[in-house]
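> Protein chains in written order, with my numbering: chain A, 1 to 99; chain B, 1 to 99.
Do not rely on the hints blindly, as some may be mistaken.
As the list claims (entries may be wrong) - Derived pair list, reagent style SDA-like, types lysine to any residue, alpha-carbon separation capped at 20 Å:
{"#": "1", "chain 1": "A", "residue 1": "K55", "chain 2": "B", "residue 2": "E56"}
{"#": "2", "chain 1": "A", "residue 1": "K26", "chain 2": "B", "residue 2": "D97"}
{"#": "3", "chain 1": "A", "residue 1": "K79", "chain 2": "B", "residue 2": "R52"}
{"#": "4", "chain 1": "A", "residue 1": "K17", "chain 2": "B", "residue 2": "Q38"}
{"#": "5", "chain 1": "A", "residue 1": "K55", "chain 2": "B", "residue 2": "D88"}
{"#": "6", "chain 1": "B", "residue 1": "K17", "chain 2": "B", "residue 2": "L93"}
{"#": "7", "chain 1": "A", "residue 1": "K79", "chain 2": "B", "residue 2": "N47"}
{"#": "8", "chain 1": "A", "residue 1": "K17", "chain 2": "B", "residue 2": "I22"}
{"#": "9", "chain 1": "B", "residue 1": "K17", "chain 2": "A", "residue 2": "Q32"}
{"#": "10", "chain 1": "B", "residue 1": "K79", "chain 2": "A", "residue 2": "G44"}
{"#": "11", "chain 1": "A", "residue 1": "K71", "chain 2": "A", "residue 2": "E56"}
{"#": "12", "chain 1": "A", "residue 1": "K55", "chain 2": "B", "residue 2": "E58"}
{"#": "13", "chain 1": "B", "residue 1": "K55", "chain 2": "B", "residue 2": "L70"}
{"#": "14", "chain 1": "B", "residue 1": "K55", "chain 2": "B", "residue 2": "G78"}
{"#": "15", "chain 1": "A", "residue 1": "K23", "chain 2": "B", "residue 2": "L70"}
{"#": "16", "chain 1": "B", "residue 1": "K79", "chain 2": "A", "residue 2": "E68"}
{"#": "17", "chain 1": "B", "residue 1": "K55", "chain 2": "A", "residue 2": "P31"}
{"#": "18", "chain 1": "B", "residue 1": "K71", "chain 2": "B", "residue 2": "L93"}
{"#": "19", "chain 1": "B", "residue 1": "K34", "chain 2": "B", "residue 2": "E56"}
{"#": "20", "chain 1": "A", "residue 1": "K19", "chain 2": "B", "residue 2": "K71"}
{"#": "21", "chain 1": "B", "residue 1": "K19", "chain 2": "A", "residue 2": "R52"}
{"#": "22", "chain 1": "A", "residue 1": "K26", "chain 2": "A", "residue 2": "R52"}
{"#": "23", "chain 1": "A", "residue 1": "K34", "chain 2": "A", "residue 2": "R52"}
Unchecked claim - Distance ranges between label pairs, derived from CB positions:
{"#": "24", "chain 1": "A", "residue 1": "I28", "chain 2": "B", "residue 2": "T96", "range": "20 to 26 Å"}
{"#": "25", "chain 1": "A", "residue 1": "I28", "chain 2": "B", "residue 2": "A35", "range": "21 to 27 Å"}
{"#": "26", "chain 1": "B", "residue 1": "N13", "chain 2": "A", "residue 2": "N83", "range": "34 to 40 Å"}
If you are wondering where the hints come from, they were derived from the structure by calculation, not from laboratory data. Predicted model only: the values in this text are computed from it and were never measured. Every residue, glycine too, gets a C-beta built ideally from N, C-alpha and C.
Number of protein chains: 2
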Amino acid sequence: MFPKRKNKKINGNSVFKAKVIIKRRKSILDPQGKAAEQGAKLLGFLNIDQVRINKEVEFFVNLSSKEEALKEVTEFSGKLLANPIMEDFEIQLEETDES
Amino acid sequence: MFPKRKNKKINGNSVFKAKVIIKRRKSILDPQGKAAEQGAKLLGFLNIDQVRINKEVEFFVNLSSKEEALKEVTEFSGKLLANPIMEDFEIQLEETDES
Chain A
1 MFPKRKNKKI NGNSVFKAKV IIKRRKSILD PQGKAAEQGA KLLGFLNIDQ VRINKEVEFF
61 VNLSSKEEAL KEVTEFSGKL LANPIMEDFE IQLEETDES
Chain B
1 MFPKRKNKKI NGNSVFKAKV IIKRRKSILD PQGKAAEQGA KLLGFLNIDQ VRINKEVEFF
61 VNLSSKEEAL KEVTEFSGKL LANPIMEDFE IQLEETDES
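Start from the sequences and build out the full structure, keeping to the hints where you can.
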């Protein structure tokens with residue numbers, strides 16, 4: 001395991017909390033969501049409809065500016081988190097003191 | 001496939017858009033997040049830390065009041081979406097005209 005980093009300014013860097021929401025494109029079937037929807041019907045939840053299951057990825061980024069952090073997060077999301085053929089992603093980024 | 005329901009008031013019901021965020025408890029290891037974190041290090045993203053992957057479930061609920069909708073969503077989340085041993089969930093609910 002990596003040592004738990006203290007999220008304070010290190011060498012003048014700031015810590016940003018990033019949240020990336022990854023969704024399948026609307027035109028692409030979401031089998032996991034479909035399964036949850038059918039499960040709902042079976043359990044008697046008849047008012048629940050159009051279930052989609054997305055991924056929400058949370059992490060900390062340690063860089064000197066918000067621009068740099070956004071660049072890093074965008075690249076990371078596009079290369080590793082999302083499948084560019086089937087998914088779109090959306091980034092939320094804010095400076096934080098949280099550990 | 002279920003027919004796509006028009007999200008308009010039907011029989012006096014309203015349509016609510018629900019979003020349920022499901023997170024593993026902090027004390028419980030998130031192997032998927034750990035894998036993404038190690039992938040990040042391997043790809044040279046050295047400033048990314050403490051990755052956790054949550055589920056975001058989106059759906060529509062068709063009921064006559066927000067209270068009823070919240071009750072239905074809470075029960076659905078607890079019974080079908082989240083694992084009560086390992087996960088916590090958080091509900092966002094709003095009335096909508098969206099289709």
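> All hints, please: hold or fail.
Comparing the hints with the structure gives:
no.: 1; hint: A/K55 with B/E56; verdict: 6 Å, holds
no.: 2; hint: A/K26 with B/D97; verdict: 18 Å, holds
no.: 3; hint: A/K79 with B/R52; verdict: 17 Å, holds
no.: 4; hint: A/K17 with B/Q38; verdict: 18 Å, holds
no.: 5; hint: A/K55 with B/D88; verdict: 15 Å, holds
no.: 6; hint: B/K17 with B/L93; verdict: 6 Å, holds
no.: 7; hint: A/K79 with B/N47; verdict: 15 Å, holds
no.: 8; hint: A/K17 with B/I22; verdict: 18 Å, holds
no.: 9; hint: B/K17 with A/Q32; verdict: 19 Å, holds
no.: 10; hint: B/K79 with A/G44; verdict: 11 Å, holds
no.: 11; hint: A/K71 with A/E56; verdict: 18 Å, holds
no.: 12; hint: A/K55 with B/E58; verdict: 11 Å, holds
no.: 13; hint: B/K55 with B/L70; verdict: 19 Å, holds
no.: 14; hint: B/K55 with B/G78; verdict: 14 Å, holds
no.: 15; hint: A/K23 with B/L70; verdict: 24 Å, violated
no.: 16; hint: B/K79 with A/E68; verdict: 42 Å, violated
no.: 17; hint: B/K55 with A/P31; verdict: 14 Å, holds
no.: 18; hint: B/K71 with B/L93; verdict: 11 Å, holds
no.: 19; hint: B/K34 with B/E56; verdict: 19 Å, holds
no.: 20; hint: A/K19 with B/K71; verdict: 28 Å, violated
no.: 21; hint: B/K19 with A/R52; verdict: 10 Å, holds
no.: 22; hint: A/K26 with A/R52; verdict: 9 Å, holds
no.: 23; hint: A/K34 with A/R52; verdict: 7 Å, holds
no.: 24; hint: A/I28 with B/T96: 20 to 26 Å; verdict: 22 Å, holds
no.: 25; hint: A/I28 with B/A35: 21 to 27 Å; verdict: 23 Å, holds
no.: 26; hint: B/N13 with A/N83: 34 to 40 Å; verdict: 36 Å, holds
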